[in-house]
Amino acid sequence: GNPLTSISSYVQILREMEHDDFTKESLDTIAKHISRIADIVRQMSSFAKTTMKDLKYHQVCDLITMTLDLVKYDKRMKNIRVTQDIPENLPSVRVNETQCIQVFVNIVLNAADAMLNEGMLEIRARRLEHEVEISFSDTGPGISEENMEKIFDPFFTTKEKGTGLGLAVSYNIIKGYQGDIIAENGPNGGTIFRVRVPHHES
1266 GNPLTSISSY VQILREMEHD DFTKESLDTI AKHISRIADI VRQMSSFAKT
1316 TMKDLKYHQV CDLITMTLDL VKYDKRMKNI RVTQDIPENL PSVRVNETQC
1366 IQVFVNIVLN AADAMLNEGM LEIRARRLEH EVEISFSDTG PGISEENMEK
1416 IFDPFFTTKE KGTGLGLAVS YNIIKGYQGD IIAENGPNGG TIFRVRVPHH
1466 ES
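First residue of the sequence shown? That's 1266 in my numbering, and the numbers climb one at a time after it.
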């Protein structure tokens, strides 16, 4: 059978038992992750077929909140300080919620890996003429020129256990929204990922 279904069933059984608050919250987070994995598996098999009808308007602040909720118990985030500058009056963006959060999770966890699980991540959003730009700036070592050219290539990874699919899938997802995703080294070190997606007023 499907291993995800088995895991999901066990988690469901555990959630029905009496637990302390931390265990309860952890099981809820696991259940959320399981349903996201199921979504991602479904979408990876069909993300090339994303059509405009699959896209809905979402507030950037909500997408970022959901992203940070999903990564907050990841051990890589333990010593990462996250700061946010998301203006309230940003126009909404037209995306697939699950996919877009997956892109943001990929970028956030990549940043945590690059900073060796200790440093600062700054998430900012601003309105451009036709798009909203969401930038993720880390205090890691930056990316070499040679690797920068290959960073969005499928199966390219500098991590021992990485698949090299995270950023390649992210790139294709954002391109599917008529958006763009750019990586560059920050002026004071570290890496900046800029995700640009069309907003509803464009």
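Please keep in mind that the hints were generated in silico from the structure rather than gathered at the bench.
Do not rely on the hints blindly, as some may be mistaken.
As the list claims (entries may be wrong) - Under the rule of at most 25 angstroms between Cα atoms (straight-line distance), these lysine-lysine pairs were calculated in the BS3-like manner:
{"hint": "1", "residue 1": "Lys1337", "residue 2": "Lys1297"}
{"hint": "2", "residue 1": "Lys1343", "residue 2": "Lys1415"}
{"hint": "3", "residue 1": "Lys1289", "residue 2": "Lys1321"}
{"hint": "4", "residue 1": "Lys1321", "residue 2": "Lys1415"}
{"hint": "5", "residue 1": "Lys1340", "residue 2": "Lys1321"}
{"hint": "6", "residue 1": "Lys1289", "residue 2": "Lys1337"}
Said to hold, decoys possible - Label-pair ranges, simulated between beta-carbon atoms:
{"hint": "7", "residue 1": "Leu1279", "residue 2": "Gly1451", "range": "37 to 45 angstroms"}
{"hint": "8", "residue 1": "Asp1445", "residue 2": "Ile1278", "range": "25 to 33 angstroms"}
{"hint": "9", "residue 1": "Glu1414", "residue 2": "Asn1267", "range": "32 to 40 angstroms"}
Here the structure is a predicted model, which is why all the values come from computation and not from measurement.
Cβ coordinates follow ideal geometry from the N, Cα and C atoms, glycine included.
Original post:
Going back to the hint list, which numbers does this structure go against?
Top reply: 2, 3, 4, 5, 8
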